[in-house]
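Novice: Given next are the chains, with one letter for each unit.
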Amino acid sequence: MQFRHKIAGGDFAKAGNVASSVKKVLQQLNIDHVISKRTVIALYEGEVNVVAHAYSGIIEIEIDEEKIKIIITDKGPGIADIDQAMVEGFSTATPQVREMGFGAGMGLSNMKKNSDFMKISSIVEEGTVVELINYLKPDARQESK
Amino acid sequence: MQDKNQNKDFHHALKVDNDLCFGCTHCMTACPTQAIRVKNGKATIIANRCVDCGQCYIACPVSAIDVEQDDLEMIFKFPVRVILIPSVLIGQFPRKILTSDIYDALKEIGFTHIFEVETSIDMVLDSYKQFMDEHKERPMISTFCPAIVRLIQVKYPSLVGNLLRVNPPINMSAVYFMEKLKASGIRENEIGLFYATPCAAKIAAIKSPVGEIKSPVTGVINMNFLYNRILKYLQNKRTDTGVHHTDDLTSKGILWSLTRGEVVHVSGRTLAIDGMKNVNEFLENIENEKFDTFDFLELRACDESCAGGILISGNRFLTVERLQKRALRYKDQETTQELKTKNDFQNIKINQFLDNIEPRPMGRLDENTAIALKKMERKHRLMCFLPGLDCGGCGAPDCETLSEDIVQGNALISQCVFMQQQMISQNLLSPDQARQINEDIWGGDRLGKDCNKIELEDENN
Ligand SMILES: Nc1ncnc2c1ncn2[C@@H]1O[C@H](COP(=O)(O)OP(=O)(O)O)[C@@H](O)[C@H]1O
Ligand code: SF4
Ligand SMILES: [Mg+2]
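Those sequence lines, one after another, are chains F and D.
Each residue of the first sequence is one higher than the one before, counting from 1 in this note's numbering.
Each residue of the second sequence is one higher than the one before, counting from 1001 in this note's numbering.
Among the hints, erroneous ones may be present.
What the hints assert, rightly or not - No more than 27 Å apart at the CA atoms, straight line, and that leaves these computed lysine-lysine pairs for BS3-like: (1) K69(F) x K1042(D); (2) K24(F) x K1207(D); (3) K1042(D) x K37(F); (4) K1180(D) x K1207(D); (5) K1042(D) x K6(F); (6) K1039(D) x K1015(D); (7) K1207(D) x K1237(D); (8) K1374(D) x K137(F); (9) K1077(D) x K24(F).
Calculated directly from the structure, the hints in this document are not laboratory data.
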């Protein structure tokens, strides 16, 4: 099952819409709510990053019996130093963006925390690709009941 | 575990009156959980999805949605007949009507004792504090409004663990007054405890409680019924009937069921939201971590909370105004006399907390994720074919819901009026078959009316 969503940079009012729609899909698929919640949090942060830092982006979501795979591809400034960007609290967000309640510098680390696999590749002044995977492990599902 | 619950029949207080319903789709479109379909020209409610919020009742143009209630006659089975009244009952009446007159009217109707539901508010608040100290989930979501509890169970199951599982004031007060009456020498089976309800959700909560074994309330009397009876009594008012009543309130109690009635007493970062649409919009959009920074959410299904309950006859804004004025008069009363003088609440064993509340997610395509995935793919293919107009012509509230009904085997794609045209032009469906499908949804006589005759009838009236 595949879904594809376009997102526009700078459109903060719509940031989170993709995460909301995926939340509904995961619920309909009877995905364990802990896995679902982790996925939605990670996706939300990725979505916000495109809105806050890039010009436009595409989010592809692929769900099969084993895993949820999310690929967020954007056109934007890219990330020069990925390790530094991953540090909790590091942010290049403008004061205006911060005013709106975004830009605490916790997004990427939250994405890492809430995914089983995360890979970032980026080319400066071209864009960024973030790949996230969460597995639908039966043992994880058991624990949460 | 979740499925055991899903299959269990949930009690609903809202019913469609088939004699009045003409299948107009107003309720179907208004329902926040897509629980209504039109079949055979009548609205039908899907029990697993209904949360008893009453949006359908408000939307219906011909009053075809009934709120069930217990027969008033049943109170006379008990020698001691207690009516538990929430503050909004009094708030509906114009200020020139004295509270004592309302009590007299209730006595005339047949009650022997009148107690205020909000008497137990201090105990409820202590329980809030205790529960929030012992449970670290944030935000905690109030369980005061039963429509919200059910909404979360069916539509936001991942938030079930955030529910603040404190027994609502009506239950605590009912147990308290029961014990008090028993202590005065009356036998339990002689006491009937009746609740004057402002809404269908409270009825459903009493008849099939969530997170509690059995409600201590014997029966419910709808507030719109009482309102009319009280007004009638006041028109031909008799002398003082000397009824037992408490009128023992605090401003907290008077304001509790109004919007912000809870949040003002809970410390930390809180938010109060009223109205089903507003609550839904908020819950739809909170699935990210910022939500954790709230400590407490007061969510109410009705606009202006219980002042806007579907069984409230008075204007909701005036009700709020009157109760605010009333609260001012009680502002120096710190705690109720009951609590202060007797300390009875401490001596009586009252369940402060509710048991676990189970999620009962609606719209799950299948238990098994592999099968659910297949159905999801089919659903999305169907949605691509459907026009996306959400016109309701198929008897479902929108194209997405029809797609779900189809993959679950509960509907046909030919129910869509646009698909029907296509299928007829491609010889996949005969015009007769199409007519039959429409009749199954909208009823046989819908288009067969003799409009000339109807016009004549109108003129004769
Ligand atoms: N999609 C992106 N394109 C460009 N830069 C990004 C992108 N995502 C993250 N960054 C950079 O990494 C930093 C840290 O990101 P994050 O942890 O989400 O914090 P925040 O978004 O609050 O600044 C951002 O400030 C930004 O400089
Ligand atoms: S807000 Fe009050 S009246 Fe309305 S459904 Fe909830 S409890 Fe009932
Ligand atoms: Mg970010």
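Novice: Hints first: check each against the structure and report whether it holds.
Specialist: Hint check:
1. K69(F) x K1042(D): Distance of about 44 Å is beyond 27 Å: violated.
2. K24(F) x K1207(D): 30 Å, violated
3. K1042(D) x K37(F): 39 Å, violated
4. K1180(D) x K1207(D): 24 Å, holds
5. K1042(D) x K6(F): Roughly 41 Å separates the two Cα atoms, so the pair is violated.
6. K1039(D) x K1015(D): Holds, because 15 Å separates the two Cα atoms, which is no more than 27 Å.
7. K1207(D) x K1237(D): This hinted pair is violated, its Cα atoms lying about 35 Å apart.
8. K1374(D) x K137(F): 19 Å, holds
9. K1077(D) x K24(F): 49 Å, violated
Hint compliance for this structure: hints 1, 2, 3, 5, 7, 9 are not met, and every other hint is.
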